[in-house]
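Peer 1: Modelling step: build the complete structure from the supplied sequences, incorporating the hints.
Sequences listed follow chains A and B, in order. Following my numbering, the numbering of the first sequence begins with 6 at its first residue and continues without gaps. Following my numbering, the numbering of the second sequence begins with 0 at its first residue and continues without gaps.
If you are wondering where the hints come from, they were derived from the structure by calculation, not from laboratory data.
Okay, the calculated bits of chain A under chain B, using three or more residues with CB under 8 Å as the criterion: (1) 21-34; (2) 51-63; (3) 76-88; (4) 171-177; (5) 180-191; (6) 195-204.
Even for Gly, the Cβ is constructed at its ideal location relative to N, Cα and C.
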Amino acid sequence: MRAQRIAAMRDGCRAVSPGLLALTVWGVVTGVAMVKSGLAEHTAVVMSLLVYAGSAQLTSLPLIMAGAPLWLIFAAGTVVNLRFIIFGAALHPYFKNMRWPKRLLMGYLSVDVAFVVFMPRFSDAPQKGTLEQHWFYLGALVSSWTVWQVTSIAGIALGSFVPSTWSLDFAAILALIAMMMPLVSNKPILVAILAAGVVAWLTQMWPLRLGLIAAVLAGSAAGMWAEKVFRKGRV
Amino acid sequence: MLIEDWYVYAAILLLALCSVITRAGYFLFGHLVPLPDRVRSALRYAPLAALTAIIVPEVLPWSAQHGPVLDLKLVAAIVSIWVFQRTRSALLLIVSGMLALWLMRWIASF
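Peer 2: Now the structure itself:
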């Protein structure tokens, strides 16, 4: 039993290893960006350890620096993290037989790279919720967490040595673009991005970056509208 | 701008709460809440719209006095997207965007 668990965990680590390279780049960039945006080093470390979500962290930085209201920061973080709800819904059948503290921990540690290696491997599994699946996923999660925290803290340390004139905070914006690019896979998504972009550009002088809410609403509405139009017209 | 400690830590705690709710929510309560296909498709657009709304003011800023401004960051972002289209590499996107920005600033400094 014990050997099987260790083998499954090792499989999980091995499967996720290509994704760890991406996590390394992201971790360093996020670490540097947190410090370059103006967070104190110890604050940045706390953020990395507790939040453990690169896109939400990078999204929140301009908002925090602008002194945006806390509810808007919470709302923006939630919206950027919405993809995890979809992941969670897909993963739920595999973990529903665990006790709740373990489900809470496995859920909280879930990240994109682990999800991406888990689903193709077990989507056709005849039985869901096996020990092999649990330990495979845990292996992927633990190695992702470790790599992220180490590289992120390395980035925080590095960030304090790099002069601000290098504008390394721009790397955070580029990282967000890098995250979006593979997701732009069809026309409705492109329409949603264009609509959100135009609204975000026009509303950026609104106080407290409240234009963000307008842009999210406009983008989502435009995306769903375009989905309907393109499906009907087969454009 | 001076940001106060309590504000930053409150933001961090709220963001940690975001991580727990969005990631562990379904693990904990999935048996109670089915996710209909329509909601699922709506959830696809909101995150991309939010990311766009964070990126746009950084590359296409408005100044309080002069209105819209053309920033070199916009050109750098376009270069980086072009590089990604050719290479499909996130790392090269980030590297090329930074190099483009530094190069243009260096040229503009003459």
